[in-house]
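Number of protein chains: 2
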Amino acid sequence: MSGDESYVLVTGGAGYIGSHTVVELLAAGYSVVVLDNLVNASMESMTRVEEISGKKVPAHQVDLLDKDAIRKIFQTYKVSVVMHFAGLKAVGESVELPLLYYHNNVGGTVNLLQVMQEFDVKNIVFSSSATVYGTPQYLPVDEAHPTGGCTNAYGKTKFFIEEIVRDLCNSDKTWNAVLLRYFNPVGAHKSGKIGENPQGAPNNLMPYVAQVAVGRREHLTVYGSDYDTKDGTGVRDYIHIVDLAQGHVAATKKLQTGCGCVVYNLGTGVGYSVLDMVKAFEKAIGKTIPYKLAGRRPGDIATVYANPEKAEKELGWKCTRNLDEMCEDLWRWQSNNPYGYSKGES
Amino acid sequence: MSGDESYVLVTGGAGYIGSHTVVELLAAGYSVVVLDNLVNASMESMTRVEEISGKKVPAHQVDLLDKDAIRKIFQTYKVSVVMHFAGLKAVGESVELPLLYYHNNVGGTVNLLQVMQEFDVKNIVFSSSATVYGTPQYLPVDEAHPTGGCTNAYGKTKFFIEEIVRDLCNSDKTWNAVLLRYFNPVGAHKSGKIGENPQGAPNNLMPYVAQVAVGRREHLTVYGSDYDTKDGTGVRDYIHIVDLAQGHVAATKKLQTGCGCVVYNLGTGVGYSVLDMVKAFEKAIGKTIPYKLAGRRPGDIATVYANPEKAEKELGWKCTRNLDEMCEDLWRWQSNNPYGYSKGES
Numbered sequence: 001m002s003g004d005e006s007y008v009l010v011t012g013g014a015g016y017i018g019s020h021t022v023v024e025l026l027a028a029g030y031s032v033v034v035l036d037n038l039v040n041a042s043m044e045s046m047t048r049v050e051e052i053s054g055k056k057v058p059a060h061q062v063d064l065l066d067k068d069a070i071r072k073i074f075q076t077y078k079v080s081v082v083m084h085f086a087g088l089k090a091v092g093e094s095v096e097l098p099l100l101y102y103h104n105n106v107g108g109t110v111n112l113l114q115v116m117q118e119f120d121v122k123n124i125v126f127s128s129s130a131t132v133y134g135t136p137q138y139l140p141v142d143e144a145h146p147t148g149g150c151t152n153a154y155g156k157t158k159f160f161i162e163e164i165v166r167d168l169c170n171s172d173k174t175w176n177a178v179l180l181r182y183f184n185p186v187g188a189h190k191s192g193k194i195g196e197n198p199q200g201a202p203n204n205l206m207p208y209v210a211q212v213a214v215g216r217r218e219h220l221t222v223y224g225s226d227y228d229t230k231d232g233t234g235v236r237d238y239i240h241i242v243d244l245a246q247g248h249v250a251a252t253k254k255l256q257t258g259c260g261c262v263v264y265n266l267g268t269g270v271g272y273s274v275l276d277m278v279k280a281f282e283k284a285i286g287k288t289i290p291y292k293l294a295g296r297r298p299g300d301i302a303t304v305y306a307n308p309e310k311a312e313k314e315l316g317w318k319c320t321r322n323l324d325e326m327c328e329d330l331w332r333w334q335s336n337n338p339y340g341y342s343k344g345e346s
Numbered sequence: 001m002s003g004d005e006s007y008v009l010v011t012g013g014a015g016y017i018g019s020h021t022v023v024e025l026l027a028a029g030y031s032v033v034v035l036d037n038l039v040n041a042s043m044e045s046m047t048r049v050e051e052i053s054g055k056k057v058p059a060h061q062v063d064l065l066d067k068d069a070i071r072k073i074f075q076t077y078k079v080s081v082v083m084h085f086a087g088l089k090a091v092g093e094s095v096e097l098p099l100l101y102y103h104n105n106v107g108g109t110v111n112l113l114q115v116m117q118e119f120d121v122k123n124i125v126f127s128s129s130a131t132v133y134g135t136p137q138y139l140p141v142d143e144a145h146p147t148g149g150c151t152n153a154y155g156k157t158k159f160f161i162e163e164i165v166r167d168l169c170n171s172d173k174t175w176n177a178v179l180l181r182y183f184n185p186v187g188a189h190k191s192g193k194i195g196e197n198p199q200g201a202p203n204n205l206m207p208y209v210a211q212v213a214v215g216r217r218e219h220l221t222v223y224g225s226d227y228d229t230k231d232g233t234g235v236r237d238y239i240h241i242v243d244l245a246q247g248h249v250a251a252t253k254k255l256q257t258g259c260g261c262v263v264y265n266l267g268t269g270v271g272y273s274v275l276d277m278v279k280a281f282e283k284a285i286g287k288t289i290p291y292k293l294a295g296r297r298p299g300d301i302a303t304v305y306a307n308p309e310k311a312e313k314e315l316g317w318k319c320t321r322n323l324d325e326m327c328e329d330l331w332r333w334q335s336n337n338p339y340g341y342s343k344g345e346s
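Taken in sequence, the protein lines are chains Y and C. Under UniProt numbering, the first residue of the first sequence is numbered 1, with each subsequent residue one higher. Under UniProt numbering, the first residue of the second sequence is numbered 1, with each subsequent residue one higher.
Hints in this document: simulated from the structure, not taken from any laboratory. As the structure is a computational prediction, the values presented were derived from the model and not from experiment. Be careful, since some hints might not be right.
To be verified - Cβ-to-Cβ under 8 Å is the rule here; a few derived chain Y residues that face chain C: (1) L38; (2) V39; (3) T76; (4) E96; (5) H103; (6) Q117; (7) A153; (8) D167.
Backbone N, C-alpha and C fix where the C-beta goes; we use that ideal spot for every residue, glycine too.
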């Protein structure tokens, strides 16, 4: 790095959303430094990001529970903005091991915020989730919808962190924070070089579908076919990962206006059912995906999709990639990298 | 300690509520070990507790942010139950320094719970607060009232910890937790040897009144005299500290029934106004307390008092000490110890 260069520090930058966001930040001219504890990610993604961008990205294996290691990064790099993705994210695991989630996600974030405060770096984009809305009281869900109704520890860590960041911004008006509530990110970078790389059986629909398509799984199980939706399966707001990543670039620009604490949905505003998604993927790959219908999973809800108007109005950002593109890009990644960043089934 | 003896570990045991609870636990036959970081307490209270009880209480200066120090205590003592009082508690400070509160209160609690898990000690009584109810939607407030509406970081740390403990109990049915939501503890032990010992200007009404009475403060300021209450001043549910402490003994017995996660209000069910309290204290001490009326403080609410029926029914516990006793006992403590545990104004 050069002496005067200022960096966007991306925590969890080697992960799915992190790596795609790094690509878009680099494309927008930002210098980026990545932290990742590699618990659920691979440094191979960083190599691929450098291939895509033609730029070097310094990346450090750092756990946010290690406050001194965070400090060292801030001593080494002049950081202007932190983009905070790092965190455990498996809903089911969070129900079984809630302390692990509170310790890692909330504890790690408080450490990060304290170090930012120490170094007078007071601009953050936080990776939140539509899960903070719990069961929607109305649709589409806008940012004024009540939060905190989620029932799993993963979702609660997102909600708690939102509250902590909000309190921090209220206590010190020189802080700026953009809280981004993601709907359902899917797809991959157009190059097919980076994408979602779940460890073990995927928890989310589309990575599972893609693994069935590539022959790693026999069939898809569809949980719940008696919801009050057009075909009985759950309806979600799927958003192309590159659209989502570009939302983060828009958020970074927003920070520079001295926005205080603001919150935006990142979604398309359109809901697709599980079977819609399966059909679209079948169309993209030209073959059928075998699936079985099963009972509902506890905690799952029928329908949720975003009202994305606030982000369009205030960030000048909206989604431009449609369902076909999500499926085609996912397939390119999955078929080029049947085992993700590893060489074979681990 | 003897080899087979099992202990109630009391975090924050040197503080106001902690020290009174230790006295009642000892009286009920429990062995007690105390942890306190002494940030807001004095070991002198432990000496006084030993005088009152005629028993030895091992006490260690340990901060819950130091996980290894907690482990050492669990290695040294056979702990059967943890009673967790430790935490920062100044509402105003929490608004100014929210990260400090989240780091200490939530981070410290998660450390404690993780160490308890490691040592297979899965019984906890947690010191929560009626502040988790936020502005009451109905009165009296019962345990089914929605929580999470509080607006300051102190109150949110109580709410977050309740949620964390609840998730933990849901994840592992061998955990038992009693969450106690305190209303407004006042008064002191009958001996006059232990009591509330605020550092700096008291944040709460009655310690302030007592300091005026003893000549340390010129007059009381009453914040808000135009509330919709009988005399315009705020109404709260004041509970004698010894009643509150005895509620903890009842909670300890409840844990032994394998109760899972349960929650109880600790209050009297009766609301008194600020001016009621001032008059009662004047009666107890036989002189007037000068006061001035001032505007409302942001965040304060008009009226809150408990529905204490659930605790009476399920814990077999209820308050037996009235307002006069609260004032007389407070005055005995304050007049015998005008500067609390220190020799003079610090």
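Hints, one by one, checked against the model:
1. L38: Hint on L38 (chain Y): violated, closest Cβ of chain C at ~22 Å, above 8 Å.
2. V39: Violated. Min distance 17 Å.
3. T76: violated (23 Å)
4. E96: holds (6 Å)
5. H103: holds (5 Å)
6. Q117: Holds: closest Cβ of chain C sits about 7 Å from Q117 (chain Y), inside 8 Å.
7. A153: It holds, given that the least Cβ distance between A153 (chain Y) and chain C is near 5 Å, below 8 Å.
8. D167: holds (4 Å)
Figure legend: structure checked against the earlier numbered hints; hints not met, in rising order: 1, 2, 3.
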